[in-house]
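Asks: Residues per chain are reported as follows:
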Amino acid sequence: MLSRRELFKGMAMAAAAAAQQVFPGVLFATTAVPPSANGLSWKKAPCRFCGTGCGLLIGVDNGRAVAVKGDPASSVNRGLCCVKGYHSVMALYGKDRLTHALVRRNGQMVKVPMQEALDLVASKLKETIQQSGKDSVSIYGSGQWTIPDGYAASKLFKGGIGTNNVEANARLCMSSAVTGFMTSFGLDEPMGCYDDIDHADVFVLWGNNMAEMHPVLFSRMLERRVTNPNIKIIDLATRWTRTSMAADRSILFRPQSDLAVANAICHELIRNGWTNSAFIQNHVSFHEGKINIGYGTQDKFAFTDEAKSTSLAEFKKRLEEYTPEKVEQISGVPAKDIRYLASLYGDPAKKCVSFWCMGMNQHSRGTWIQNNVYNIHLLTGKISTPGNSPFSLTGQPSACGTVREVGTLTNRLPHGETTNEKDRQMAAEIWGVPVANIPVKPTYHTVEMFRALDRGDIKFMWIQVTNPMVTMPKLKRYRDGMKKDGRFVVVSDVYPTPTTDIADVILPSAFWIEREGIFGNSERRTQQWDQLVDPPGEAMSDTWQLIEVARRMGHGKLFPWSRETHVKEIWNEYRRFHHGPAHEMATYEALRSNPGVQWPCPNGKETKWRYHAKWDPAAKGKSWDFYGKPDRKAWIWFRPYEPAAESPDKEYPFWLNTGRVVEHWHTGSLTRRIPILHQAVPNGYVEVNPNDAKRMGIRNGDRVKLTSRRGALTLPAMIDGRGRPPEGMVFVPFFDESLLINELTLDAFCPISKQPDYKKCAVKVERA
Amino acid sequence: MPIKSYLAYPVPGHAETVTQALAAFEGCDVFPALNQDVLILVTDTPDEPAESWLEEQLALVPELQCLALVSGLNPELVQINPTLEHSC
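In order, the protein sequence lines correspond to chains A and B.
Note that my numbering has the first sequence beginning at 95, numbered continuously upward.
Note that my numbering has the second sequence beginning at 119, numbered continuously upward.
Hints in this document: simulated from the structure, not taken from any laboratory.
Take the hints with a grain of salt, since some may be wrong.
Quick list of in silico lysine to any residue cross-link-like pairs, SDA-like style, CA-CA up to 25 Å [to be verified]:
| no. | chain 1 | residue 1 | chain 2 | residue 2 |
| --- | --- | --- | --- | --- |
| 1 | A | Lys205 | B | Ser205 |
| 2 | A | Lys577 | B | Ser205 |
| 3 | A | Lys218 | B | Asp155 |
| 4 | A | Lys708 | A | Pro696 |
| 5 | A | Lys326 | B | Asp155 |
| 6 | A | Lys205 | B | Cys206 |
| 7 | A | Lys189 | B | Asp155 |
| 8 | A | Lys189 | B | Leu187 |
| 9 | A | Lys189 | A | Asp155 |
| 10 | A | Lys578 | B | Cys206 |
| 11 | A | Lys189 | B | Glu166 |
| 12 | A | Lys570 | B | Glu203 |
| 13 | A | Lys577 | B | Cys206 |
| 14 | A | Lys189 | B | Glu203 |
| 15 | A | Lys189 | B | Ser205 |
| 16 | A | Lys326 | A | Ala443 |
| 17 | A | Lys723 | A | Glu515 |
| 18 | A | Lys577 | B | Glu203 |
| 19 | A | Lys570 | B | Cys206 |
| 20 | A | Lys716 | A | Lys205 |
| 21 | A | Lys205 | B | Glu203 |
| 22 | A | Lys578 | B | Ser205 |
| 23 | A | Lys570 | B | Ser205 |
| 24 | A | Lys326 | B | Leu152 |
Please model the complete structure; the sequences and the hints are all you need to start from.
Replies: This is the structure:
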């Protein structure tokens, strides 16, 4: 048996090894934490941070979580974690944890008993509905909601209250991935899984800094290359990062021009005869949609796409405008590099994975770029087989499990769309409500929901597990809107944030392992964990907060469960929505006894690759069957290049790109309470290209003022740090609540997915 | 006292020397990378003066180019560094 001290030495060593992952290619003999120590019990839980879904083992001692190690039984991470994962339990014990409810009275937040605060939330909801109608109240959740949280929210608001005013911050991070999947395949979420990494020969990372954002998967990819020197990793991005450093080839393209680059690759595939004709013949159909589709910057912007059937010949004709030479002019990518990319995708002997995340999702043509990358895989038939995968990674631990699968978006239900009568009937039957209770028409997507609050169309908003007063683009408008008279804002969270600053009621939430929960990760894997420690003070899970309020509003019949067993009962009710071979979910018992289970899971058997009869029991025939579409084919869309909503000009000559760093997760409200992570990157900064910096006389650490048409921010310069933007671009991470870069960003969004573009707007850069 | 871990970067070509020099200090465990000149150093000291002394000694190793603190873990979970605090 090991001493506690030895155990912590093992953890410290593992954390250092994890930190080293971001300087890729380094291997250590062992990074494992010792298996046992005096006085500790180890229990499984998925990591609380990104969408990778690493399996963790949490060491608990005397009711306190004190240690973390990677779960060797988890096929996701095989015992490895990143720096955030290794330190994750420290996020439970920040000094300013919210432990009691607070209510705003005469402008001051006053501590009140939790039950009194819940009474107030319920009465305010009822009063607002009575005075202004059902669509004047809303809930805004998160991809960090557990599945029971999201399910309870959807059931209360859509089934009980009868409004589609349900949204989640996942609209800001992955709704373009959803609409990409839906338009190309008719069903959401990846066809492949992380095992693709173990089979692929080529990895193309489309605007995806995996070294920092998905470090464990990045390590798996590097490990494959160490043992297989012919493996190629291509970093195709708008800025040089740690991922570029590790890649075999770093190719930079101008913002937004990935649309054109993907089309040029398709052009070359067809021109060189590198397509898979039999696959195209049998499994693909061709389509076009509307063009010049706008950017949604005005209130009540509406857009509906229309699909028109075309042909391979028509598609080929459209691509004539996308020769490598023409696209070099648009993108800055040399024609030879475009041909190189096409040759990798087009080599029938090479298995190809494309990875992406926010670069393609937070894009004013987010749906289009997903379609265009799918086109590459569909022209070559490199899809739905081991090692051949277009793979959309997710940023949050349950963006897939909760927001996409439970359907906590205005247009979605736990199965299907609100506009589909059969889907509404299914929901009404399972929820035990009249079908007329569930409204047909979607109301507000996230940006429009906050606009509606500003306009006064929405008067009540309940925000759970998210921090929109840091994350909303064009932040000032939405913050000012929330502070207007006649708005009532409830915030459930674990720490005070800029969002709790504008709340009328703050409800303290039980965090992660302080309650039982279920997440769903990027590869269709559902992961359950038990409550491992007690929440502090009166903190309560978001699920139970919703149930308490529902009961006070007279919707108790919808939530007949006990506090002890409600997670199991919610799961058993919810999985009825997905019954059938295409989406069967695991049983509760299977979830409890495994680090995670992938759906579809008919008859207890996981499906690793969808849409191919060899692996997917829902697929008919002997090979591919894209059963999500009525024609059982995957759809190739011609989607042109269109410029960004706002581009640099004489007055605002730089691109502003925003994103994250490995140490901090999202708005930093958790990771900045972890001492070592906070100390590693204590504040925001602006990356400036060294040539631009030299020209403007800016040195490392100098204060630099950024100004856009919406706001200004002064912050320290970083030159040749971990990232290097090209000349004419600056990059700012968004984790620092005291340096709010979203004061400058633009609320333009993809008209199909309604996801904002945080990667492109125009700014002026000056030495402060 | 906290157990700390560092990434240690030797002057190129001196990984072996640095490994031996660091391993010679009491309370230091060294884990060299298999394929590059990078080491993980884990320190375990009994009290604050001992920790300060060790930090001073580490700074004197001439072949040690850079030492980056990664982790400070305390078995009693006393937080050793300040964090963000936000009042309501």
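Asks: Please verify whether lysine 326 of chain A and aspartate 155 of chain B have alpha carbons no more than 25 Å apart.
Replies: The hint holds at about 24 Å.
Asks: Does the alpha-carbon distance linking lysine 326 of chain A and leucine 152 of chain B stay inside the 25 Å limit?
Replies: Holds - the C-alpha atoms of leucine 152 of chain B and lysine 326 of chain A are around 22 Å apart, at most 25 Å.
Asks: Could you grab the alpha-carbon distance between lysine 708 of chain A and proline 696 of chain A and see if it respects the 25 Å cut-off?
Replies: holds (15 Å)
Asks: Under the criterion that the straight-line Cα-Cα distance not exceed 25 Å, is the pair lysine 189 of chain A, aspartate 155 of chain B satisfied?
Replies: violated (39 Å)
Asks: Straight-line Cα separation of lysine 570 of chain A and serine 205 of chain B no greater than 25 Å?
Replies: It holds: about 21 Å lies between the C-alpha atoms, which stays within 25 Å.
Asks: Take the C-alpha atoms of lysine 189 of chain A and serine 205 of chain B, compute the straight-line distance between them, and say whether it is at most 25 Å.
Replies: Holds - the C-alpha atoms of serine 205 of chain B and lysine 189 of chain A are around 10 Å apart, at most 25 Å.
Asks: Taking 25 Å as the top limit, are the C-alpha atoms of lysine 577 of chain A and glutamate 203 of chain B close enough?
Replies: holds (23 Å)
Asks: Does serine 205 of chain B sit within 25 Å of lysine 577 of chain A, going by the straight-line distance between their CA atoms?
Replies: holds (18 Å)
Asks: Hinted pair, alpha-carbon criterion (25 Å max): lysine 716 of chain A, lysine 205 of chain A. Please report holds or violated.
Replies: With Cα atoms ~64 Å apart, lysine 716 of chain A and lysine 205 of chain A exceed 25 Å; violated.
Asks: Do the alpha carbons of lysine 578 of chain A and cysteine 206 of chain B lie within 25 Å of each other, as the hint requires?
Replies: holds (19 Å)
Asks: Are the Cα atoms of lysine 570 of chain A and glutamate 203 of chain B separated by 25 Å or less?
Replies: Between lysine 570 of chain A and glutamate 203 of chain B the Cα gap is close to 23 Å, so the pair holds against 25 Å.
Asks: Are the Cα positions of lysine 189 of chain A and glutamate 203 of chain B separated by 25 Å at most?
Replies: Answer holds: lysine 189 of chain A to glutamate 203 of chain B is near 7 Å, not above 25 Å.
Consistency note: the structure conflicts with the earlier hints numbered 3, 7, 20.
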